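Engineer: Chain by chain, the residues run as shown.
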Amino acid sequence: MKRAAALVLLMAALAAPPPRASAADPIVVGSKFFTEGYVLGEIAAQAIESASSVPVTRKLGMGSTGILFQALKSGAIDVYADYTGTLAEAILKRPDLRSIEDIRSALYSLDLVMSGPLGFDDTYALAVKETFAEQHHLTTIGDLVGIEGGIRAAFSYEFMDRKDGYQGLVQAYKLHFSPDKVSRMEHSLTYRAIDDGVVDLIDLYSTDAKIEKSHLRVLKDDRQYFPVYQAVWVARKAFTEKHPREWQVLLNLQGSISEPAMIDMNAQADIGHVSFAKIAAQHLGSEAPRSQSLKSNILQRTREHLLLVGISLLFSVLVGIPLGLVAARFHAAGQAILVASAVVQTVPSLALLCFLIPLFGVGMKPALAALCLYSLLPVVLNTFTGIRSVDPKHLENARAFGLTRRQILRRIVLPLASPTVLAGIKTATIVSIGTATLAALVGAGGYGAPIVSGLSLNDVPTILTGAIPAALMALVAYGVFELLGYLLIPAGLRKQS
Amino acid sequence: MKRAAALVLLMAALAAPPPRASAADPIVVGSKFFTEGYVLGEIAAQAIESASSVPVTRKLGMGSTGILFQALKSGAIDVYADYTGTLAEAILKRPDLRSIEDIRSALYSLDLVMSGPLGFDDTYALAVKETFAEQHHLTTIGDLVGIEGGIRAAFSYEFMDRKDGYQGLVQAYKLHFSPDKVSRMEHSLTYRAIDDGVVDLIDLYSTDAKIEKSHLRVLKDDRQYFPVYQAVWVARKAFTEKHPREWQVLLNLQGSISEPAMIDMNAQADIGHVSFAKIAAQHLGSEAPRSQSLKSNILQRTREHLLLVGISLLFSVLVGIPLGLVAARFHAAGQAILVASAVVQTVPSLALLCFLIPLFGVGMKPALAALCLYSLLPVVLNTFTGIRSVDPKHLENARAFGLTRRQILRRIVLPLASPTVLAGIKTATIVSIGTATLAALVGAGGYGAPIVSGLSLNDVPTILTGAIPAALMALVAYGVFELLGYLLIPAGLRKQS
Amino acid sequence: MLTLQSIYQSFDGRSVLSDINLNVPQGATQALIGSSGSGKTTLLRITLGLIAFDKGYVKINDQPLLSFTQVEWADRIGYVPQEGGLFPHITGFNNVSLIARLRGWRKNKIADRVEELRALVDLDPGILHRFPFEMSGGQQQRVAIMRAAMMDPQVMLLDEPMAALDPLIRRSLQRELKAIFKRLGKTVLLVTHDLGEAVYLADQITLLHEGKVVQSGSYRELLLQPADPFVTQFINAQRTLPDAAQFA
Amino acid sequence: MLTLQSIYQSFDGRSVLSDINLNVPQGATQALIGSSGSGKTTLLRITLGLIAFDKGYVKINDQPLLSFTQVEWADRIGYVPQEGGLFPHITGFNNVSLIARLRGWRKNKIADRVEELRALVDLDPGILHRFPFEMSGGQQQRVAIMRAAMMDPQVMLLDEPMAALDPLIRRSLQRELKAIFKRLGKTVLLVTHDLGEAVYLADQITLLHEGKVVQSGSYRELLLQPADPFVTQFINAQRTLPDAAQFA
Ligand SMILES: Nc1ncnc2c1ncn2[C@@H]1O[C@H](COP(=O)(O)OP(=O)(O)OP(=O)(O)O)[C@@H](O)[C@H]1O
Ligand SMILES: Nc1ncnc2c1ncn2[C@@H]1O[C@H](COP(=O)(O)OP(=O)(O)OP(=O)(O)O)[C@@H](O)[C@H]1O
Ligand SMILES: [Mg+2]
Ligand SMILES: [Mg+2]
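Residue numbers (my numbering), protein chains in the order written: chain P, 3 to 499; chain S, 3 to 499; chain G, 17 to 264; chain A, 17 to 264.
Treat the hints with care, since some could be wrong.
To be verified - Result set (DSSO-like, lysine-lysine): computed pairs, CA atoms no more than 30 Å apart in a straight line:
(1) P:Lys-239 with P:Lys-75
(2) A:Lys-125 with S:Lys-95
(3) S:Lys-395 with P:Lys-222
(4) S:Lys-183 with P:Lys-75
(5) S:Lys-395 with A:Lys-75
Unchecked claim - Residues from chain A that keep clear of chain G, each with C-beta distances beyond 12 Å, as calculated:
(6) Thr-19
(7) Ile-49
(8) Ser-51
(9) Gly-142
(10) Arg-158
(11) Gln-190
(12) Phe-246
(13) Gln-249
(14) Ile-251
To be verified - Just a few of them, taken from the derived set where beta-carbon distance is under 8 Å, the chain G residues facing chain P:
(15) Leu-66
(16) Asp-70
(17) Leu-81
(18) Ser-83
(19) Ala-90
(20) Tyr-95
(21) Gly-101
(22) Pro-104
(23) Leu-118
(24) Trp-121
(25) Asn-124
(26) Ile-126
(27) Val-130
(28) Ile-143
(29) Phe-147
The set of hints was computed from the structure by calculation and includes no laboratory data. Only a predicted model underlies this, so the values are computations on that prediction, with no experimental measurement involved. Cβ atoms here follow ideal geometry from the backbone N, Cα and C, with glycine treated the same way.
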């Protein structure tokens, strides 16, 4: 009884999400999925953490403005950093709105609160090499007038095609580039081109880390032609009301992140490979907290993976052992059960998932169903075999002493068969840890997600961020089973061998 | 002794490769594992066959670009069809390369030769059900704006992860899908999902036959966001030098496959269930080569599958049992062995194949290596457990009567542990029959071939032509093991229980 | 009280017991002796309902075996299997107390009862905390006797319960058991190869040979009115110890 | 011939044997008697090299145990474990003939030898084709004796080999064994709880108690010059059979 309880508890522990630190609801900070977004998210999270005891959950790198807006609306996140122009255009669908106040009040009607500018703009900019700027005494875009005919420029497709890009620019500044010296290029290649001295002028974002890296000088938009995209915090109104103190902490950051600072931070991340947490901490003048992005990512996947493995394990124990018992007891039913679990095992996982989708939809459910089916065979077969291997002399004696069927099973048969049964569960668990990676194929997450991404991108490091934790989980599971062996295999059997 | 010999013979019979009709070095044509890949592979193969006497070997449906690239590099295949964009991104890691010339020269430095475009483009597209499109008046991707928050979408991993996929798309079109309604799934499963009405929107290729079959409407990419992927042949330089005439045959096909032609061929395969060979022949205006009957097809696959399962089974017996013995004898080594086989088990099959290709190339070898590794754990663990469960009294008596270590093992320990050991081998075999279907992904054939192509066609009958024989094979294996039980488990143990 | 009526049994077509009739009155002790393989153990297993026999009746107080469940039946009987038959995975103490614990006895009561029995069979206290494989043959046998007596059953079936005990312990145990059997009015069926033991403990002796009862009666009857020359032969075979007088 | 010199052994810190000295000359039979748990079985297992003992020497013809491999050593010794210890998965015949087959004996020779031994222990021929679980206790024990004798070893270690046999078979087997031991000059160490058996078969008797030798000598010596009151007590404990004269 006690052992069975221990087992069940352990399963439950495996299956349950890990204990959350929060008594109180945590504040959830989101971010977009490029470098600057991560950095700003970390800054917000750490700022709150250092000033408040409310726990902070990071959901960084969630995607684009649209996703983050949905997340804000649904309450999945409380706050994140965005840009005024993007907000106007993507959320409010009012690209005409330019002033902070207009945007703020439009957002307010959507129950969103926007801070003032954080201190830096992110906008299109034109840049030249420092050396080139020195040579031609360039500081503003206007300074280009006169020499632009001889300048070799490389502009991105986006810049060339947008109405507020190249076309407007040449009109606003009355620039006359010579067409054969202006090329359209993939944006990332323009850096290469200017580095190599093939071109003199490129377009970029004003906080781009490459500015520093490639020793570029950004030409001032003295006619304020480019729309200004100012970084701001956007938060749920409910959040600002519930946590006014924490919101104030974020508001205190207004104006605190200068353009050079942001460029520097982006560069640290992109070029120096410093962790976001560390960069944010440096900026805030504090200690870096336990770095989280990759870690919390892995934690999340671990939770999903554990849930998949834990539930299917529970199933294989709760269903597989009884099936094995029935198989050992009744010959015909036994053969049927064993054959059925064998046949299920041969259905390839992709095909099985394909059959399960009509029944279970997508996500966790079909993945769990598949895992449960796959983990049956080892448990059923080993339970069957273990029970059949028990010396019938002991069963006869147990009957002679007046034990009931149940008691014989619980007190004599299962303990004596426990090493074999446990080996079956062990195999099932470890196979399941491996197979659970397939769950990612139907959107159930887990360690399979990076593995599948990595495979489709042919990117080994990404694969490893899934494969290594899975292997570690197998190691841990192995250790847990060693321990379970001590709990569940009777000492009389263990000592003997 | 006799029993062991019987076992080994049986294994050998299972494992022996079928007689090969070997000749001069054949030209090996590969393909990706979706319909279009198969069709193009057949076209290439038949084109060469009709113009040359060099034998052609087809290795169709091998997997993704990464695997085919490895196969080309290792010389396992000579030529296959791919798309310019995919080559740039997945092999060259230079998504910026767009022009045929750039890609060709980059590939050339990897000793690969690329043809000109075959005549049609294949690009990403979004599709919804016709009915859904009617209902919401959708013709372009832009039409999604406004309703996208409520749309349930299933996108392939590749689409979600590529820079020119999902992320760019939502930015370009300012789409705000709600994150909880967008799931990442294995591509072939998304068809199923949209067919079943579980999701509304999926990504696919513009020449996909399912568009017609599943009554899907492709949403026009009115902002021309998706890059155009042109189909081309990719070949090993060595092949083009050794077989210039045959390569010229393929080059002659440049520009010969129009987009409507390709869509039609895909549709014939997917919907009309015309064989790839016949489709290719029609396209080339020739007779289809001896179309293999379904029966000889299944026989061929059975042979391949048996070979895969047989050899890996042999391995798991010849290596797994000794490892289990060592583990039972030496504590430290034992733990190490058990842990190692556990960890191997957790590496997902696709990832394992991906790691094994650099070592073993493509085809039978990496598939076998993977299967062998996967079949170890149940055998090792059950051997270990079975041996540990033998009453030490019997071992002591055996020593007292002067049996050598070997004799104790052969005469006492293994017979007494045989039910448990056999259960482990049984599990390993049946798991192996299931897992061997993955071998098709690296071109090793077997029942996996129809399953993989069925999945990519979303065609259940085709899946079943692989899945049912696999299940039958499991049944037969199960029967064989019942029989083996009679041969190998000592009568004294069998009669008793 | 314990009645066996025309029991027949065969294994794989070989007849092992035929037409066995036996009646052990309430409070009496019956010894079952006989050659090796004559079916003594089989008869006890039949009496316990452990094997389905071919023909006949087993009754306690005129109630047939088949009108009880196995558990009810087993609860009436204490059993010492040949070679002890301890469960290998639990300690001696747990072997002895298993049923009591399943029947919900209190800890104290169990401890007291076990201690009482331990003293009876003269076992060192520490031994009860060992697993069977850590005990000597005689120690195992004594634990098996304790287990059989634990629930104080009315009927006891003992299959060579003292074969592995040294003369000293055996003698004292015989004395104790005889006293207990008499005092508590136990009905006992005892298989033994030790004629001295049979004579000392039993009121009646039944001699089995090749699955048939050769003679049933008191030792005196077997000795003075043998039903068959085999009876005399069997009794005389017991090797007696030369006593000091012979050396004097 | 078989010599044990100051053997010490303990299990889990409990001393089980201390300072055991024993010498069985070539061709002699030594009986080992003693209370249950006194260490007799342990002493035999040590002699066989089955457990690593703490201290002391075991020698055959002055060659110590440790100078042999386990197989060489075991080949010199025939062993009947307490409770027989037959291998459960093979038939009686295969149990008996296992070693002979491994040593490459011809089929005929094996069959002849097995038949010879079967007659010796008076076992029905059919029984050898059964598995151990299909035999009675006494049948198993006789098969175990056959197995020990099969290779005709010089030294024999017998652990209560006849405890489960009825008096008739036991008596005839004792007679046969005694003759064989004498005729073939076997060196025998016999554990028994049957003093009559010890006196009949053995030249020397060693009485063990709580891991120590209390006295070693002929039965006469033990009887007339007991080293300790325990010796007398132990001998007198054997329950003797009242003979016909008492009833007359
Ligand atoms: N593996 C073991 N672990 C711990 N104690 C043991 C082990 N084997 C034997 N003993 C103990 O050692 C002592 C001697 O045991 P042994 O079997 O030698 O006695 P014995 O003289 O043969 O007794 P018996 O006449 O009852 O067979 C006993 O107290 C026993 O409990
Ligand atoms: N499961 C079985 N299958 C076949 N034969 C059996 C089985 N059990 C017992 N026998 C045979 O039945 C006969 C009676 O066996 P049983 O064990 O009752 O003898 P016993 O009188 O107890 O002998 P012993 O004094 O040697 O213990 C023997 O010949 C034995 O071989
Ligand atoms: Mg018996
Ligand atoms: Mg002993």
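Engineer: For this structure, which hints from the list above don't hold up?
Structural biologist: 2, 3, 7, 8, 9, 10, 11, 12, 13, 14, 16, 17, 18, 24, 25, 26, 27 and 28
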